[in-house]
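There are 2 protein chains.
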Amino acid sequence: MVTSRAIIYSNYGDPLSEIKVHQYTISDPVDDEVLLQSVAAPINPSDLIQIAGIYPSRPPMDTSLGTKEPSAVAGNEGLFKIIKVGSKVKDFKIGDWCIPLHVNTGTWRTYSKTAEDQLIKIPKNYVSMAQATTVSVNGCTALQLLTTLTDVKPGEWVIQNGSNSVVGKFVIQIAKKMGIKTLNVVRNRPNIEELKKKLYDLGATKVITEDENTSPEFESTIKEWTKGSIIKLGLNCIGGDSATGVVSKVSPEGVFVTYGAMILGPVKIPIHKLTFENVKCVGYWVTENAKKDINGKIKSVHEALKLMHDGVIGDIDVEEKVVHLDNLTDEEFLQIYKNAFTDSKKLKQLVVYK
Amino acid sequence: MVTSRAIIYSNYGDPLSEIKVHQYTISDPVDDEVLLQSVAAPINPSDLIQIAGIYPSRPPMDTSLGTKEPSAVAGNEGLFKIIKVGSKVKDFKIGDWCIPLHVNTGTWRTYSKTAEDQLIKIPKNYVSMAQATTVSVNGCTALQLLTTLTDVKPGEWVIQNGSNSVVGKFVIQIAKKMGIKTLNVVRNRPNIEELKKKLYDLGATKVITEDENTSPEFESTIKEWTKGSIIKLGLNCIGGDSATGVVSKVSPEGVFVTYGAMILGPVKIPIHKLTFENVKCVGYWVTENAKKDINGKIKSVHEALKLMHDGVIGDIDVEEKVVHLDNLTDEEFLQIYKNAFTDSKKLKQLVVYK
Numbered sequence: 001m002v003t004s005r006a007i008i009y010s011n012y013g014d015p016l017s018e019i020k021v022h023q024y025t026i027s028d029p030v031d032d033e034v035l036l037q038s039v040a041a042p043i044n045p046s047d048l049i050q051i052a053g054i055y056p057s058r059p060p061m062d063t064s065l066g067t068k069e070p071s072a073v074a075g076n077e078g079l080f081k082i083i084k085v086g087s088k089v090k091d092f093k094i095g096d097w098c099i100p101l102h103v104n105t106g107t108w109r110t111y112s113k114t115a116e117d118q119l120i121k122i123p124k125n126y127v128s129m130a131q132a133t134t135v136s137v138n139g140c141t142a143l144q145l146l147t148t149l150t151d152v153k154p155g156e157w158v159i160q161n162g163s164n165s166v167v168g169k170f171v172i173q174i175a176k177k178m179g180i181k182t183l184n185v186v187r188n189r190p191n192i193e194e195l196k197k198k199l200y201d202l203g204a205t206k207v208i209t210e211d212e213n214t215s216p217e218f219e220s221t222i223k224e225w226t227k228g229s230i231i232k233l234g235l236n237c238i239g240g241d242s243a244t245g246v247v248s249k250v251s252p253e254g255v256f257v258t259y260g261a262m263i264l265g266p267v268k269i270p271i272h273k274l275t276f277e278n279v280k281c282v283g284y285w286v287t288e289n290a291k292k293d294i295n296g297k298i299k300s301v302h303e304a305l306k307l308m309h310d311g312v313i314g315d316i317d318v319e320e321k322v323v324h325l326d327n328l329t330d331e332e333f334l335q336i337y338k339n340a341f342t343d344s345k346k347l348k349q350l351v352v353y354k
Numbered sequence: 001m002v003t004s005r006a007i008i009y010s011n012y013g014d015p016l017s018e019i020k021v022h023q024y025t026i027s028d029p030v031d032d033e034v035l036l037q038s039v040a041a042p043i044n045p046s047d048l049i050q051i052a053g054i055y056p057s058r059p060p061m062d063t064s065l066g067t068k069e070p071s072a073v074a075g076n077e078g079l080f081k082i083i084k085v086g087s088k089v090k091d092f093k094i095g096d097w098c099i100p101l102h103v104n105t106g107t108w109r110t111y112s113k114t115a116e117d118q119l120i121k122i123p124k125n126y127v128s129m130a131q132a133t134t135v136s137v138n139g140c141t142a143l144q145l146l147t148t149l150t151d152v153k154p155g156e157w158v159i160q161n162g163s164n165s166v167v168g169k170f171v172i173q174i175a176k177k178m179g180i181k182t183l184n185v186v187r188n189r190p191n192i193e194e195l196k197k198k199l200y201d202l203g204a205t206k207v208i209t210e211d212e213n214t215s216p217e218f219e220s221t222i223k224e225w226t227k228g229s230i231i232k233l234g235l236n237c238i239g240g241d242s243a244t245g246v247v248s249k250v251s252p253e254g255v256f257v258t259y260g261a262m263i264l265g266p267v268k269i270p271i272h273k274l275t276f277e278n279v280k281c282v283g284y285w286v287t288e289n290a291k292k293d294i295n296g297k298i299k300s301v302h303e304a305l306k307l308m309h310d311g312v313i314g315d316i317d318v319e320e321k322v323v324h325l326d327n328l329t330d331e332e333f334l335q336i337y338k339n340a341f342t343d344s345k346k347l348k349q350l351v352v353y354k
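Quick mapping for you: the protein sequence lines, in order, are chains A and B. Each residue of the first sequence is one higher than the one before, starting from 1 at the first, in UniProt numbering. Each residue of the second sequence is one higher than the one before, starting from 1 at the first, in UniProt numbering.
In short, the hints are calculated from the structure, not lab data. No incorrect hints appear here.
Any copy, or any two copies together, can satisfy a pair, since identical chains are not distinguished.
Distance condition first, Cα-Cα at most 16 angstroms in a straight line; then the derived EDC-like pairs of lysine to aspartate or glutamate:
#1 Lys292 to Glu277
#2 Lys280 to Glu253
#3 Lys232 to Glu253
#4 Lys177 to Asp310
#5 Lys291 to Glu253
Model, not experiment: these values are computed from the prediction.
One chain only, chain A, in its complex shape (with noise of 0.2 angstroms):
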């Protein structure tokens, strides 16, 4: 039996003033439960926009742990070691470490119970804690947007917006390991030429700002970089003009794609790209496709792991926030949330368990 104290939210709104801590008693696991210690945990945007109560995926709300009122825990992404075991468990031993197989099982907690098939194993030191509790979702979506969209080949090109987002450098990586070429659109900044070297570093073919990329004097230097290759997909994490800019650039039979983001209204298309030029526009969201098919998920994670241990994926820069494990008040544990809620730095904020 152990204790946890786990980041929970009760109503739908700012996730400044709803999260609270909650603890808890977990009995030992029986059958095929595994008992899990946190090791490590990110909070995403899409972690903040779910309490909010404006993302689509939702865990369930339930007075399971005790609460007065129906709450759930927080938390989609995180890295996790076994510390005992049921008597039926197969796969795992304690010691082993995972990621969860969905998101929604509430990872912003000290620990957790749950089925031995809900998680991943993954072998210790693999790859780095950031790696880890970032293979899931934002590993996932970069493989499976570059191979099970459509089949583009080494010499084709993709176009995406959103390059400097985690996504954005996986493809990036991912892309230059399968000899497809990229055509990254950023916003443009005062260190532009600093984020474009960075971009040129991890692999990145050429890198545009936004205001080029929805210029028509500079489609003809895209023309010529592209000169005899099809520009295959289109990725777009960003909507309005941008979008469009993406979608303008796909070749005649691509496909174009939408993944997860919501940050310039709607995506407008011109008809042209639709009719005469047959570019099919879909959606595309890893927590849909993980339901769907399950042993991809695995598979696609698996994949993304080992490109991130063999370097292909480099590591990512995360701010660090610890949670020590042994002498923690509730207080000191919900201001580590709300610190990293607020904290003016880009970089992603990773609650690491000591």
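Following the hints, complete the assembly by docking chain B onto the known chain A.
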């Protein structure tokens, strides 16, 4: 040998000023060739924007008919009678009726010659002239929109804008026969009740205005109508907000199709329809489809013809412009087309050769 009069153009521009008449002689058919006398040919908006040079599908311009400048014969649809056959023609005999397999063959002429494999035979008087000359583009489009892009089942719904177009009305009638419910969007107009009655008489399940389709308040009414049923398919031939109104009603996992029109600008798709609801947005263009799958095209034409013959698809209101083949001056021939272009009536114009 016959003398043909053809409506040709040598430059792209305003159809009224670009079209001219050209006379040329046609030698007797040899081998697999057949000599055709025109029975009827419609004047479609797509024919006019083709002459204007803004339609991506264009006939070849050359001097093969003896013109000084490279020229093309206008017109894409028509009904023909075989009046002579080459020695190796297998499937046609004198007196047979036929329509062209593809567009861009130049149908606005009194006589023409082609290879027999470029034609689809249809039984004489099997359908009306207006139906015969509409089946290849509009009939095929309506049938393929309903049957090839997703598997709409009886009891499920299709939503479409432009419901008062020829394709729109074909969709209503074919869907009714298939047991599929239709939600039909039309522009508001003074005689809206009259138009609604006309579409209900064709078999429309519900007819609504553009204003209703884009109004958030009206959504509950639509939900009440479709309760328990899926809106599997959305058909758009308009773009802009009208397209958004249509795609917004398509159920998760459904398909939204834009087919050959560009009236109101880009198709705007709310991001959640793509990401969270996995609605697939595609284009459909009968011209390109026919090239990719000739047998599919022929099959669809025969199916649509049977639906017309059986009365499932009713006849089309057309205004006939009669060309008398025997006593025809160039000026009269040209004027018939020019008058048709400027005719204020909204009926489809059909040039009939007698």
